[in-house]
Amino acid sequence: MRKFLTSIALAALVTATAQADPGGNGKGGGNKERGNGGAQASAALNGGGKGNGGGKAENARQVERVVNRGPAGDNRAEKGRPDVPAPLRVYDNGKGNGNAGRGNDARVVTVDRPGKDVRPMVQGRITNFERVAWRDYDSRALVDGCPPGLAKKNNGCMPPGLAKQDSGWDRYDADWWGLRGLTGLSGYRYYDGNLVRLGPSGMISGYYPLLGGALAIGNVWPSAWSPTPVPQYYVDYYGLGDDYRYFDGALYRLDPETQAIETIAALLTGDTFSVGQRIPDGYGVYNVPYAYRDRYVDGPDAYYRYNDGYVYEVDPTTQLVVAAINLLT
Amino acid sequence: MNYPTLLMAAASALAVTACSDKTPTAAGTEAAAEAASGDTVAALIDGSADHKTLAGALKSTGIDGVFGGKGDYTVLAPSDAAFTALGDKAATLTAPEQKAVLAAILRDHVIPGTLTPADIGKAIDASSGKSVTMRTVGSGSVTFTRDGDAIAVASSDGAKAKVLGAGSVGSNGAVLPVDTLLKKV
Chain A
15 MRKFLTSIAL AALVTATAQA DPGGNGKGGG NKERGNGGAQ ASAALNGGGK
65 GNGGGKAENA RQVERVVNRG PAGDNRAEKG RPDVPAPLRV YDNGKGNGNA
115 GRGNDARVVT VDRPGKDVRP MVQGRITNFE RVAWRDYDSR ALVDGCPPGL
165 AKKNNGCMPP GLAKQDSGWD RYDADWWGLR GLTGLSGYRY YDGNLVRLGP
215 SGMISGYYPL LGGALAIGNV WPSAWSPTPV PQYYVDYYGL GDDYRYFDGA
265 LYRLDPETQA IETIAALLTG DTFSVGQRIP DGYGVYNVPY AYRDRYVDGP
315 DAYYRYNDGY VYEVDPTTQL VVAAINLLT
Chain B
1226 MNYPTLLMAA ASALAVTACS DKTPTAAGTE AAAEAASGDT VAALIDGSAD
1276 HKTLAGALKS TGIDGVFGGK GDYTVLAPSD AAFTALGDKA ATLTAPEQKA
1326 VLAAILRDHV IPGTLTPADI GKAIDASSGK SVTMRTVGSG SVTFTRDGDA
1376 IAVASSDGAK AKVLGAGSVG SNGAVLPVDT LLKKV
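Protein sequences appear in the order of chains A and B. So the first sequence is numbered by my numbering: it starts at 15 and just counts up by one. So the second sequence is numbered by my numbering: it starts at 1226 and just counts up by one.
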C-alpha cells in the first residue's frame, strides 16, 4: 500500500520540442467525469476531463507550480474543492544534453499542464526534471461519509459487529497499510474493501478504498474520487488507453462505458526524483530493465536507477540526479 | 522451480568477488550479456511449480496484470511453503473478503526495475554497511544483506526472508523466490 497519496491530481506531463505550446486541445487523466457522489471528498481532487487547454505559452525555463484545475471545458469534478498543488512538475532547461551520460540526448521541453496538447514524448534525457512526492497529499484522501455499499443499507453507517471485530486483519491500523497522512492515528479498521474511520459511537465517519478491495477488478470506480490528470508519459508508457485512474500508487484501466475497473495497469512508488537533487533513499541496487542494460551501464561517471517508468542518471560522487531518461520508443 | 535458471547469477557472483575493487563500474555489464527469458514476470510466476499460491493471489487481487505489462518489476516471490508456514492465517489471508489485505501484502514484495542476485550481491559488497535498501511499491522498503552464501532480505516492518536460488529474469522484470512473507501478518 502506498505510503503516499492518492487522490491527488497528477498534472499532465506534456512534452514538446524546444518550446511549450500555447493552449492546445487535449484530454486530461481520466474522462467521462461523473461528478461527486454523495460523499464529499476530504481530498482535494481535480477535474481531468476532456477540454481545451487554453492559456499562453510559458517560458520553457520557468519553474512553475501548476495548480491542477480541470480544463475549462469540463470542470465539474472540482466544484467545491480546494486546489491542490501539482504533485508533478517538470520544466525544461533548454539544453537537452548537458551531461556526459549515454542515451539519446533529445532536446526536450516538458510542461505539466493539464489540458494542453499532448504529443508523444520521444526517448531522451531530460536534464531538468522534478517530480514532487505524491505522498505528501495522503492525508487529504480520506472521504468523509459512508462507503457506498453500506450507505444503501440505511443503518446509519453502523456495520454490525465492526466495532468488536477481531479477526486478525481488521486490527491493522493505518500504519500497517502504509497510508501516510493517516498513520499514527487511531480508529481505523479494515472493512469490506475499505479502510474506514470509526467515530466514538462506532459509526463509520470516513473511508478509503483499497486496491483489491473496493478498487477490485469489475468494481465501478467510486464516484467520490474523480479522474485525476495522469501525466501523458504514463498514459503512453503503461498503455493506459482511453479511460484510466490513478489512486494510491496504482494506475487502473477502466471500461469507458461502465467505469468498471478492467485491469490494474501499474504500481508506482511515487518517489521524488529531481534533477539537481539527491537521489531518494532506497535505490541501492542496479535495477535498470534488461532492455536498456546495454545502454545505461553503471560507470565511474554515472550510475543508473529505474523508477516508475524512467531511468535516472546519477552522479556517483554527489549522488545528485543528473537526468531523467524517458523510455518511450 | 520451473523458472529458467539464471546461470548468470553464479557466474556474476564470482565476477563480483574478482572485480570488487572496480565497483561500481561494472554494474550491469554481466547482466546485459545474458539473455533474459522472453516470458513476462506474470508468466514466470504462473509457470513455477513452487509458487502456485502466489500465482493465485496475484490473480485474485488483479495484480497479475501489472506483471504482464510494460512496467518493469522484480517480485520477491514467497514460495508455497512460505504461505503454508502461516498456518491458519493463510486461509484467512486468501479468503475473498480479504483481497485488499492480500494485495497490500503483495505490494510489499514488489520492487521497481530488474534486480538479479548478482546485482544485489555486488551492491552489498560495495556498500560501507554491507547492506543495501530498495523501495517497494508497497508501504516501505526491503534491505538486502549477505547470509553466508545466500542473500537475506528484511522488510521495513522487520519480517525476514532468504532469497532462494538464482531466480529468473523475464522480459519485464525478475522473479526472486523467497522463503518467507516479507510483511508481518
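It is worth saying that the hints were derived from the structure and are not from the lab. Fair warning: this is a prediction, and the values are worked out from it, not measured in the lab. All residues carry an ideal CB built from backbone N, CA and C; glycine is no exception. Mixed in with the good hints there might be a few duds.
Said to hold, decoys possible - Using 20 Å as the maximum straight-line C-alpha spacing, the simulated EDC-like pairs for lysine to aspartate or glutamate come out as follows:
1. B:Lys1295 with A:Asp250
2. B:Lys1295 with A:Asp158
3. B:Lys1355 with B:Asp1374
4. B:Lys1355 with A:Asp295
5. B:Lys1295 with A:Glu276
To be verified - Chain B is nowhere near these chain A residues, computed Cβ spacing over 10 Å in every case:
6. Gly163
7. Pro270
8. Gln333
### Closest CB of chain B to the CB of A:Pro270 still more than 10 Å away
holds (18 Å)
### Task
Take the C-alpha atoms of B:Lys1295 and A:Asp250, compute the straight-line distance between them, and say whether it is at most 20 Å.
holds (10 Å)
### Query
Is the straight-line distance between the alpha-carbon of B:Lys1355 and that of A:Asp295 20 Å or less?
Holds - the C-alpha atoms of A:Asp295 and B:Lys1355 are around 16 Å apart, at most 20 Å.
### Non-interface claim for A:Gly163, where every Cβ of chain B lies beyond 10 Å
Answer for A:Gly163: holds, closest chain B Cβ roughly 12 Å.
### Task
Would you check the hint for B:Lys1355 and B:Asp1374, treating anything up to 20 Å between C-alpha atoms as holding?
Satisfied, since the Cα-Cα distance of roughly 14 Å is no more than 20 Å.
### Query
Would you say A:Gln333 is clear of chain B, with no C-beta pair closer than or equal to 10 Å?
holds (12 Å)
### Query
For the pair supplied as a hint, B:Lys1295 and A:Asp158, is the alpha-carbon distance within the 20 Å limit?
violated (35 Å)
### Query
Keeping to a limit of 20 Å between CA atoms, is the pair of B:Lys1295 and A:Glu276 held or broken?
This hinted pair holds, its Cα atoms lying about 16 Å apart.
Violated hint: 2 only; the structure is consistent with all others.
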